[in-house]
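Student: Below, each chain spelled out in residue letters.
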Amino acid sequence: MSIISDIVESTKAIIKGMSVTFSKIPKEKWTVQYPDEPVTVQPRYRGQHLLHVDENGKEKCVACFLCAAACPSDCIYIVAADDPRPYEERIGVDNRYAAVYNIDYGRCIFCGFCVEACPKDAITHGYNFELSVYNRADLLKTKDDLLITKQKQSPNYRVAWADEDVDSEYKVV
Amino acid sequence: MAELVKVTINGEVYEVEKGRLLIDVCREKGHAVPSFCYYADLALQASCRMCLVRIEKMPKLQTSCTVTVTDGMVVTTESEEIEKARRGMLEFLLANHPLDCPVCDRGGECELQELTFDWGNLEERFIEPKNYQPERYLSPMVANDPQRCILCKRCTRVCDEWMGEEAIEAGGRGVATIISAYGDWLNCSQCGNCIEVCPTGTLLDATYRHQARPWELVRTVSTCTFCSDGCQLALGARGEEVLRTVARDRYVNGINGEFLCVKGRFASHPFVNHEARLRTPMIRYRKGGKLVPATWDQAIEFVAQRLSAIKEEHGPQAIGIVGSPRLTNEANYTLLRFARDVIGTEHYTATDAFSLVPFFENMGAPLATHRDIRYAQTILLIGGEPEELQPLTGKQIRQAVRNGGARFILINSVPIRLKKNAAQFVHVRPGTEEAALLALADADSVEFAARKMGVETSEIEQVRRALSEAQGTVVIAFGELSPAAQKIVAQLPYIYADDRRRFLFHPLPLFNNSVGVHDMGLMSGAMTATEMLDAAGKGVRALYVAGSFLQQHLKGREEALSKLDLLVVQELFETATTEYADVVLPAASFAEVDGTFTNNAGQVQRVRQAIPPVHLSKPDWLIVASVAEAMGARFGIELSASAIFRDIAANVPAYQGLRYPLLKDESRPVQVKHEIAQRRDISGEIETLRATIAQADETAAKITETPPVGHELFKLGTLTEKLPQFHYLAAGNPKPENTLASSPLVQLTIDAALRRQRQEMALAGD
Chain A
1 MSIISDIVES TKAIIKGMSV TFSKIPKEKW TVQYPDEPVT VQPRYRGQHL
51 LHVDENGKEK CVACFLCAAA CPSDCIYIVA ADDPRPYEER IGVDNRYAAV
101 YNIDYGRCIF CGFCVEACPK DAITHGYNFE LSVYNRADLL KTKDDLLITK
151 QKQSPNYRVA WADEDVDSEY KVV
Chain B
1 MAELVKVTIN GEVYEVEKGR LLIDVCREKG HAVPSFCYYA DLALQASCRM
51 CLVRIEKMPK LQTSCTVTVT DGMVVTTESE EIEKARRGML EFLLANHPLD
101 CPVCDRGGEC ELQELTFDWG NLEERFIEPK NYQPERYLSP MVANDPQRCI
151 LCKRCTRVCD EWMGEEAIEA GGRGVATIIS AYGDWLNCSQ CGNCIEVCPT
201 GTLLDATYRH QARPWELVRT VSTCTFCSDG CQLALGARGE EVLRTVARDR
251 YVNGINGEFL CVKGRFASHP FVNHEARLRT PMIRYRKGGK LVPATWDQAI
301 EFVAQRLSAI KEEHGPQAIG IVGSPRLTNE ANYTLLRFAR DVIGTEHYTA
351 TDAFSLVPFF ENMGAPLATH RDIRYAQTIL LIGGEPEELQ PLTGKQIRQA
401 VRNGGARFIL INSVPIRLKK NAAQFVHVRP GTEEAALLAL ADADSVEFAA
451 RKMGVETSEI EQVRRALSEA QGTVVIAFGE LSPAAQKIVA QLPYIYADDR
501 RRFLFHPLPL FNNSVGVHDM GLMSGAMTAT EMLDAAGKGV RALYVAGSFL
551 QQHLKGREEA LSKLDLLVVQ ELFETATTEY ADVVLPAASF AEVDGTFTNN
601 AGQVQRVRQA IPPVHLSKPD WLIVASVAEA MGARFGIELS ASAIFRDIAA
651 NVPAYQGLRY PLLKDESRPV QVKHEIAQRR DISGEIETLR ATIAQADETA
701 AKITETPPVG HELFKLGTLT EKLPQFHYLA AGNPKPENTL ASSPLVQLTI
751 DAALRRQRQE MALAGD
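Sequence order for the protein chains is A and B.
If you count by the UniProt record's numbering, then the first sequence holds residues 1 to 173, one letter each, in order.
If you count by the UniProt record's numbering, then the second sequence holds residues 1 to 766, one letter each, in order.
Note that these hints are calculated values from the structure, not bench results.
Ideal Cβ positions, reconstructed from N, Cα and C, are used throughout, including at glycine.
A portion of the hints provided could be inaccurate.
Claimed, not checked - With a Cα cut of at most 25 Å, we get these calculated DSS-like pairs of lysine-lysine: (1) K6(B) / K57(B); (2) K16(A) / K27(A); (3) K702(B) / K419(B); (4) K60(A) / K130(B); (5) K563(B) / K287(B); (6) K130(B) / K120(A).
Said to hold, decoys possible - Chain B is faced by these chain A residues, among others (derived, beta-carbon under 7 Å): (7) C64; (8) A69; (9) A80; (10) R96.
Use the sequences and the hints to build the structure in full.
Tutor: Okay, here's the thing in structure tokens:
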């Protein structure tokens, strides 16, 4: 192989590569300027869990432990309790409720098995994804962090609506 | 050997014993047959219709739980027709059953749930509303959800046949039938066996309501720590907390089957993680001062120094070592070695209510296991009250009479509840049960004894005749007896010896390891517990107590403990004994240690560690061994429970050759080989007994009232008082105004004065 053919081949390669680069420059940018701009998350995104309440604000969870049993990383801890008061006064929808409901996000792998196991639709994945903390112990989230009435939603995301409900990699630009 | 018959099941031919139930045979041979209402050893019911099978030459499908096998029977257990029938039956069972498995405590170990997985349909065809009935409480121990009931009636049969109480019954007609109690409130012995056998979530443990799910609990098979029957139970622990006790046959299969009493089932675990448990070792540096928390090193060093000093000054006999019939064999044996080898004192004993030494020394026949009682032909019970103090023995006697047709002779001064099962009840004057023994052992004393007991001579003659004409197994059970009477009862088999019968003994001591503490040799020390307390400050300068003295020991001797130079106590809780203790060492409870208990049938059974010791507590044997080591003595064995048991096996003849692996299977308990004594001369004892009985008052009135259910069972003790519901029972178990959905405990505040009064009446350590 002569030195001339070397130069020709490498020049071809450079032109080929740069043609891609230059062709992209005038097109729309895909970089999300997070956190200045909110991230668009898909409707089925699995973020931090939410514990739901019914229309009267009663916790839906009946502490059946099925989520804890389904959890492959063993990160859910529940203490069930008996609340014999009438429906209007009590905390949950049933007289059995979770006095303690902890999820250890140091262990959680966001597989969604807990959501599938839940017979009461009490737990779902929310969209909060900003879970980093300065102290590892803070990864343990309690009911105060997880209840839908108490969980603070991050302003840094927006959920994709149906008309734009497609992942970016398939999006026609 | 029974006659064998040929049965064909699913094309395979088996030879089985004639007269067995088809369902048992099918299951034994590996052909699964589902059922709800069938329960071995209970009356047949055939109401759930799940066990339907096709038997050739019979017109319809037959319930295999009511059919006995006959020669040439051809059975099909699997076919399209049977599957259709079973699916249909299950659909009917589920017609009214709510689908609330997530909130039901039985979810995960529910037989209905399991069989629904096998035989249920994917879709429910009934669209009508279910027959709603609210949840309620039947007692502080039993929660009830009538809607979940499938009317298998296991609970009513268990209540009737095992407990003889008929407290729980089916009421109403047709679809409105529910399981309930008379007056909707259970005033029974609260054994909770109805909860255990319930195949659905209809009857539930109210003390463990909504606490955990069964698959979360780590189960450990252990031995009960209350009475001397030694029931096998499964402790369910979650993390480092014991949450419940069950005897379900899927978890544990011991001498008791699924039977447990109110203490075993509900009070076995609440004390383990109770907040009143002693947390650290504590030292009282100055008499009358406060107990100050210390480290283990400080406490052990303190005890060792003080013991050595007292041994130096007053001699080894000034130190008394006290074991406890609550502790494991290993702990008591270590205490004995500590007393003999390290201290060198003869003053050792255990805090048992009474000693069985005279009985075991003269025992003329082996001990009866609970199975022996169930299949005995004649049972003689002298004194005692097994249905309150040894409930498993009570149940076995009841079943022996009811289901086995045994002849049960009861000699007692109190018309106890077992009376109704007795073929003969010899109702004697209070405190003269031993006169009956005198009359049984000595034909010349019959008239004298009958006069003292206030019974007809013919009644005694009838008992004598029953014993001398009995065939098969004769079980002699007895409660607390004087030493002379114990020797006489131990020699009865020689008096009535004959080829046609075999005698077995069943002593009824009060504590879980009363027999074990005797076997270890602690009961044969030079002093009894009361003598030791009397000698406190005089002959005995220091006491090393594992456990606590009973109230009956301390009664009238309250000051004795304060006279000691040194009192070391190993305990779980603060008791009357720790009040004067110079050093208190926190001990581990039965759920936190490995070891063995020996029950009243002489069966040595394992106690297994369910959770690590709570707080800073340590196993009793380890504390004793540490003190011994600090005093410069080693036992020459490695420090583990199994090593100590090996030492026991080497030194206690009855336990020879035993090892932990041999005790592994709780369904085949090992009976230790107590030595059978030769025939002895008992004329001296007869004279002693005659002299004692001669003092009995011939005009004393008989006790005609049957004691109420639970008068012993519901007594509050150091352990049982840790369960709030027990206070409710001890206060008379009144029916609350509202039994629906909220625990009676929430509704009623028990009068504090009444509680205190009951507590004082109760024996400590019960």
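Student: For a quick check of understanding: which of the numbered hints are violated here, in increasing order?
Tutor: Violated hints: none at all, because every hint is consistent with the structure.
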